[in-house]
Structure formats: structure tokens, C-alpha cells
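Given chain A, put chain B in place with the hints provided.
Number of protein chains: 2
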Amino acid sequence: MAEKKHEDRLQRIIEIERELGEIQDVDVLLERILTETRKIVNADAGSIYVVEGDKLKIKCGHNDTFLKELAPGEKLPYTSFSFPINEKQICGYVALSGKPLNIKDCYRISESKPYKFNKNTDITTDYRTKSMYTIPLKMANGNLLGILQIINAKDENGKIITFDQDAEMLIAHFASSAVQALQHAYLTANMVKRMLKMAEFRDPKETYPHIERVSSYSLEIYDRWAFNHNIPEAEIHRYRDNLKIAAKFHDVGKVGISDVILKKAFPRFTDEERNIMKGHTCIGAQLFEPPESLLDIMSQEVALHHHDRWDGGASGYPGRISLSDFSVKDGIVPITEPLSGKDIPLSARIVAVADVFDALSHKRCYKEAWTIEDAFTEIMNNSGTQFDPEVVLAFMQVKDRICSIQMAFPDEPED
Amino acid sequence: MAEKKHEDRLQRIIEIERELGEIQDVDVLLERILTETRKIVNADAGSIYVVEGDKLKIKCGHNDTFLKELAPGEKLPYTSFSFPINEKQICGYVALSGKPLNIKDCYRISESKPYKFNKNTDITTDYRTKSMYTIPLKMANGNLLGILQIINAKDENGKIITFDQDAEMLIAHFASSAVQALQHAYLTANMVKRMLKMAEFRDPKETYPHIERVSSYSLEIYDRWAFNHNIPEAEIHRYRDNLKIAAKFHDVGKVGISDVILKKAFPRFTDEERNIMKGHTCIGAQLFEPPESLLDIMSQEVALHHHDRWDGGASGYPGRISLSDFSVKDGIVPITEPLSGKDIPLSARIVAVADVFDALSHKRCYKEAWTIEDAFTEIMNNSGTQFDPEVVLAFMQVKDRICSIQMAFPDEPED
Numbered sequence: 001m002a003e004k005k006h007e008d009r010l011q012r013i014i015e016i017e018r019e020l021g022e023i024q025d026v027d028v029l030l031e032r033i034l035t036e037t038r039k040i041v042n043a044d045a046g047s048i049y050v051v052e053g054d055k056l057k058i059k060c061g062h063n064d065t066f067l068k069e070l071a072p073g074e075k076l077p078y079t080s081f082s083f084p085i086n087e088k089q090i091c092g093y094v095a096l097s098g099k100p101l102n103i104k105d106c107y108r109i110s111e112s113k114p115y116k117f118n119k120n121t122d123i124t125t126d127y128r129t130k131s132m133y134t135i136p137l138k139m140a141n142g143n144l145l146g147i148l149q150i151i152n153a154k155d156e157n158g159k160i161i162t163f164d165q166d167a168e169m170l171i172a173h174f175a176s177s178a179v180q181a182l183q184h185a186y187l188t189a190n191m192v193k194r195m196l197k198m199a200e201f202r203d204p205k206e207t208y209p210h211i212e213r214v215s216s217y218s219l220e221i222y223d224r225w226a227f228n229h230n231i232p233e234a235e236i237h238r239y240r241d242n243l244k245i246a247a248k249f250h251d252v253g254k255v256g257i258s259d260v261i262l263k264k265a266f267p268r269f270t271d272e273e274r275n276i277m278k279g280h281t282c283i284g285a286q287l288f289e290p291p292e293s294l295l296d297i298m299s300q301e302v303a304l305h306h307h308d309r310w311d312g313g314a315s316g317y318p319g320r321i322s323l324s325d326f327s328v329k330d331g332i333v334p335i336t337e338p339l340s341g342k343d344i345p346l347s348a349r350i351v352a353v354a355d356v357f358d359a360l361s362h363k364r365c366y367k368e369a370w371t372i373e374d375a376f377t378e379i380m381n382n383s384g385t386q387f388d389p390e391v392v393l394a395f396m397q398v399k400d401r402i403c404s405i406q407m408a409f410p411d412e413p414e415d
Numbered sequence: 001m002a003e004k005k006h007e008d009r010l011q012r013i014i015e016i017e018r019e020l021g022e023i024q025d026v027d028v029l030l031e032r033i034l035t036e037t038r039k040i041v042n043a044d045a046g047s048i049y050v051v052e053g054d055k056l057k058i059k060c061g062h063n064d065t066f067l068k069e070l071a072p073g074e075k076l077p078y079t080s081f082s083f084p085i086n087e088k089q090i091c092g093y094v095a096l097s098g099k100p101l102n103i104k105d106c107y108r109i110s111e112s113k114p115y116k117f118n119k120n121t122d123i124t125t126d127y128r129t130k131s132m133y134t135i136p137l138k139m140a141n142g143n144l145l146g147i148l149q150i151i152n153a154k155d156e157n158g159k160i161i162t163f164d165q166d167a168e169m170l171i172a173h174f175a176s177s178a179v180q181a182l183q184h185a186y187l188t189a190n191m192v193k194r195m196l197k198m199a200e201f202r203d204p205k206e207t208y209p210h211i212e213r214v215s216s217y218s219l220e221i222y223d224r225w226a227f228n229h230n231i232p233e234a235e236i237h238r239y240r241d242n243l244k245i246a247a248k249f250h251d252v253g254k255v256g257i258s259d260v261i262l263k264k265a266f267p268r269f270t271d272e273e274r275n276i277m278k279g280h281t282c283i284g285a286q287l288f289e290p291p292e293s294l295l296d297i298m299s300q301e302v303a304l305h306h307h308d309r310w311d312g313g314a315s316g317y318p319g320r321i322s323l324s325d326f327s328v329k330d331g332i333v334p335i336t337e338p339l340s341g342k343d344i345p346l347s348a349r350i351v352a353v354a355d356v357f358d359a360l361s362h363k364r365c366y367k368e369a370w371t372i373e374d375a376f377t378e379i380m381n382n383s384g385t386q387f388d389p390e391v392v393l394a395f396m397q398v399k400d401r402i403c404s405i406q407m408a409f410p411d412e413p414e415d
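Chains as they are written, first to last, in our numbering: chain A, 1 to 415; chain B, 1 to 415.
This is chain A alone, in the form it adopts within the complex:
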């Protein structure tokens, strides 16, 4: 019986390892690694920290006990903090020693150990951290990517137990292939970053914080929309991974717009110039032509249609267009029928809300920043006209996390 259980877990691990290898986005992958590691050993809580310079930065935190207290579809607060690597903290100790650490009870750590458990969070949240297993995520060459920490393993009756040898072995096996998947995801993230930097060289409005915010907002909106619509888990996994990256490419087509036009401030465009600017949607879509993956397809959808309107109103563009009708060289967007409602791909409907909200709530060269409340109100006022009302509903349902993301990625000060 115990052997059968062990076999089943191993089989599941192998299947999940294959799935991890196909995840492209680092954040989406880290979430999944934490979820699956916790499932393997039935752990109540956990976190992943990544190395950034000489600091550890939290990337995700789970806690089933807290989650049960929330309404269905709600998530724990979005957290963003980092701390210097230091052997007095458990994570820092594991980072420096490079070895896993299995603690039976965090409240009974021997005084002789260099590290201590910090009870502050337990006290403020009324939680009891007991068993804890902390493992370094190390590459084959020894470089440390981050720290995986799981807390409070449970037996079949929900009683907190210690992480046993079997759990240690399973987690070590799983972590090693999680690291391989992570290395690939970092490579992809690096390439994405270079592509976005190319666009930023041309249009300095397309800054790193703006793009990170739009991408993170989009993921939050999608997660809530998918909950509201009972989307199956496998589809959610696939969609959110592609959306997280595709959202970043929404304005990448600006790379093909003449800098004479790009450098003008928006309200002073002539009609012709405005029409050329609209071409950034088609140029962006052309960039992913011919599409070779689901990511390419979604990147095209987002780039092409994030300025189309839910009600098909005349200010939306480029409308119902075939890419073959557009030449990057001429840059002229042809006159088209409007595209509206669900004919606009979901990904583009989501990014439309995320992009406009972010533009409103931040300073641009041609406008001051709106207050975050005014920006939320503006989005709501345009629900059903400019924006898909179900997307706006999901957006408003995750308002708290949107605010936290905004604070986690502030604009850099102007020089």
C-alpha cells in the first residue's frame, strides 16, 4: 500500500516534470513549482525566493489555511519584498550553505544554530509554523537561483507532521528538474527582455516598469475571469503562461514606426501621422508571422487588437483586418469593418483594460498621472463600450492585487 502510494507519487512527479519543461514564463513557472512541490508532500504552506544580486526576493507565497478563509476565487495578498542574504535567517542560511535544511519544529530550534525562526508573521496572522523544509535551487554549475521553502507537511487527517526521508528524496528529485525548467525560462525571459529593450530604444515610453505592470495586471485579470467562467485547469495553465509573455509584446510594433513620428507628443499628430501610428498594431502582428507556437498566436492577437473597442466604435482599430493587406514598408492601415465583442480575442480584451489603466494612472510626456481611484472609475465608466464588461468585472474583483502590483513596479525617476 505504502509502496503503491510511493509509485503513484513518482509517476505524478515525472508527468509534472514534463509539464514544467513546457512553461515559458519565469513567474508562472515558479508558482507552478511551488504548487506542485506542496502537493507532492501535502504541505500547507510555502514560498519561493529568488536571488537578485546579494538579496533574496520573494516571488510567491502560498498558505492553504489562509486561503480557506477567503471567498472562492480570491487570492492571498500580492507580496513583494526582499532581504539581504544572511545566515541568521533560515533562507539565508540555506542559500549560504547550499544544502537542504529539514526543521522538525521552527519553535524548537537549538540555540546553538546560527539561524533563528522569525515568529512575527505567525503572531500577526495567528498561524503556527511547525515543520519546515528549505532547499536551495542550484544549477548544475553550482550557481544559486533561489530558495524553495515548504511548511507544515500534513498526514491524511490533516495533522502536521515532519518532512520524512521519503519526502526529502521526492522533493530533491523534483527540485532538480524544476531547476532545469527554470534555467530555460530565464533564457526565454532574457530574450524577451532584449526584444522589449529594442522597442524601448525607439520609444522611451515603452519602459520596463510599464510593461511588467501591464503583463502582471493581465495575468490577474485572466485568473479571475477564468475562475468566473469555470475554465478547466489545464487550459488555465496554458493560457496564463502565454498571456504573461504575449502581454509584454502589445506595443512592440512601434519598432517599425519612423522616429520622426514616434518622438512627437500624442495630441499634436496630423491625421496622416495618427494613421501611421495606428500601424504599430499591424507591425507588431507581422513580427510574429508566420506563427510557430501558441505564444506567437497570442502575441499576434494582443498586438493586433488591443486597441479595438468592445462596442465596435469608430475609434477602435485596426478592426477586421487581414495581415496580408498591410505592408510594413508603406505603413498604411487599410480601411476596415469594425471588430467588436467576442470577435476580439480574449487576450486582447484583457490587455486593452490593463494597458489603458496603466497609461491613465501614470505620468506620460503629454499628461499627468491620474489618481488610482480615478483610473479605476474611468475603466468602469467605459465598461460595455470601450471594454468587455466581463473583463472589467474581473479587473475590479482583483483591485487590491492590481494596486499592489502598481506599487511593486514603480516608474523609474526621469533623468
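One should not assume that every hint holds.
[Stated by the list, open to error] List of simulated lysine to any residue pairs, SDA-like, C-alpha gap at most 25 angstroms:
| id | chain 1 | residue 1 | chain 2 | residue 2 |
| --- | --- | --- | --- | --- |
| 1 | A | K264 | B | I261 |
| 2 | A | K138 | B | K329 |
| 3 | A | K329 | B | N190 |
| 4 | A | K193 | B | N190 |
| 5 | B | K329 | A | P410 |
Note that these hints are calculated values from the structure, not bench results.
Just so it is clear, the structure is predicted and the values come from calculations on it, not from any experiment.
Chain B only, in chain A's frame:
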């Protein structure tokens, strides 16, 4: 004893699988997959074909018997051909059936089989293809990436033997992780392609065939240079993988140059415009800032220094420069000391030769194509002045393969 051998092979396979997972370039990876598969079962020859549309295209072909007849450091001719997928050919049959095929003797295939062995190559090259194992490279979702075919397994005395069950099992195991590595490499190749397309949107001279040629020439030059210099195998593996991709980014910095200047034909530049154009080297290097990998570092070297001269002559640029002295916004390359000799990174010295050779031997908007012989002569005439003489020597030693690459990637006809 047999068990020990089996164990050793398995151990080696696991180690190689890890190494495969770190290779970024598709062509470099395919070469390595073929080499390692052949080693596992001691096969004399083999090929890999990839699916392109409804065709199979050869990507690499090995034959130890032919190789032994060449001078040390020489390679077999560069081959480039493709054929429609068709069950009458062995590869096509395996592609369509999706199952491995183990043939004991290619000259004794039963008449009842739909496929036949084509003896033409054997006849013209005086070779005897006997045992052959052909396996589809299929993704987890069933999509076919290509066909791996290995020929003439040998026993310890060099006698041709059949691929036995043990060999089948080892190859199947190896192929499945080779496919995973390939999927990642294709993802990377896709991203690289999109980055280059962004540059091509701005400067139509930076076409796909030009970039593929420069990158493939660079690999050939490096391989020969590394042979001439007795570079250890592990370093060669790492270097050629990075160089193959980094070479493609040599002019990617043009994305940051104003289109007013880019669209002018070269000889008509004013001094100021020419100076701004020179900034593409620094912009390219900035794109990979801060470097996160060996690929980033090499991409910076190539972008920054592929116009510096071996003799430090005044027409080389940007010279001894610190990236912090260059602002993408201003675009002015500061006045610097010249950089010369081995202070110019090897990668940049190689790409310098590859890039100039390709520009000379092809038509540009401001000049006609030179004959390939004139282009080779021009490179030789500038050995020791513009170019590193040892790089030019290696280049001339692989002249035949350079010519074949040129034919494999012709310029597209102008519209």
C-alpha cells in the same frame, strides 16, 4: 562485464542529456545529437533530417569512413537538400508511420515493404550501407520535429553488426530527451528570429539570408581556427554554440539608428551621419546590458567590435570604449584609442571576416555583387591589416564549405 558496459553507457547518456539541455542553437544541437547517438551505439554514419512544411531537409550528415580519408581538421562537404515526405523512402516511411524502423541489411529489404533503399549514394561514394536504425523525433504532443537515422553499428573489432534491442532501448531513451532539448532550442531560435526581424523592419539590408550566412561562416571559421589552435573539446562545444547565435546579432544595434539616416545610401553620408551610423556597434552592445550569460557577453563583443581593425588603423571603430561613455539617446560615439590585435575579442575578429566577405559577394543598394573569387582575394589582401591573419587562414582553409553555405542561403529576389 556486459552489465558494466551497459551501466557505463547509461551513465554517459545521463551526463550528455544534461549537456544537450544547455545547448541553445538548433544546428549546433542537431550536430551534437547525431554525434552522441552514434557514439552510444558505435555507428559509422548517420544523418538528421528536420521537417520543413511537407518536406524533410537534411541538417547534418556524418560518416567516419569518409572522414578518415580526409586530412586532419577537414570536414565532409556541406550538404543542403530536401525532399517530399513519401513512404517509398525510408525516412519518409518513418515520418509517416511515426515508429522506429530497424533494418538489418539495406540491400535485403523485402519486396513487400513500401519503402526501398536508394543505392545511388553508395555507388557514387563506394560505400556499403548495411544496418540502419531510423527513429522519428516526436514531441510529447505527437508533432514530428525530424528523423534521426544511424547507419552501420560496429562491434569492438569494427565489424558491421545489427542494431540490437539494447541499442534500440538506449537510442529511444536518448532521443526522448534530445527532443526536449530541441524544443527549447527551437523556442530560442524563434525568439532570435523575432529580434532580427525587428532590426530588419528598420534596415531592410539586414535580411534573413545575410544573417544566416554570416552566422554559418563564423561557425566554420571558428571550428577550423579551434582545430588549428588545439582548443579542448569542451571549450569548443561551449564557444561554437554561443558564436552561432551571437554572430546573428552583429548589426542588431541598427534598431536604435534614426530611419532618416538608415534609409540613405552609404556613400552619401555626411561626416556627422557616418558617426551616428557607427553608433550601431555601441547600441548593439547596450542591448545585452547587463550581461546575464556567456551568450550575452559574446553578443556584446561581436556587436561592439566587429568593425575594429586588427592593425588598429583609423578606419576601425569604436576602439577602446567603455559602454558607460555612450548614450543611446545622444548616439555620439566618443573619440577613443584604437583597439588592435588580440585585444579585439576572437568572436568579433571572426565575424568581421564573415560579414565583410558576405557584403562583398552580394549585391547591396549601393554596389553590385563581387565574384566569389574576388571576394576571397579581397579578404586575403587585407589579412594582417584589417583582419586577423590566423582567422583569415582558417577562413581560406574552409573555402569549399563557405561556398556551399553561400549557395544554401541565397538572397531573396527583390520585389
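Task: Earlier hints that do not hold, by number - done: 2
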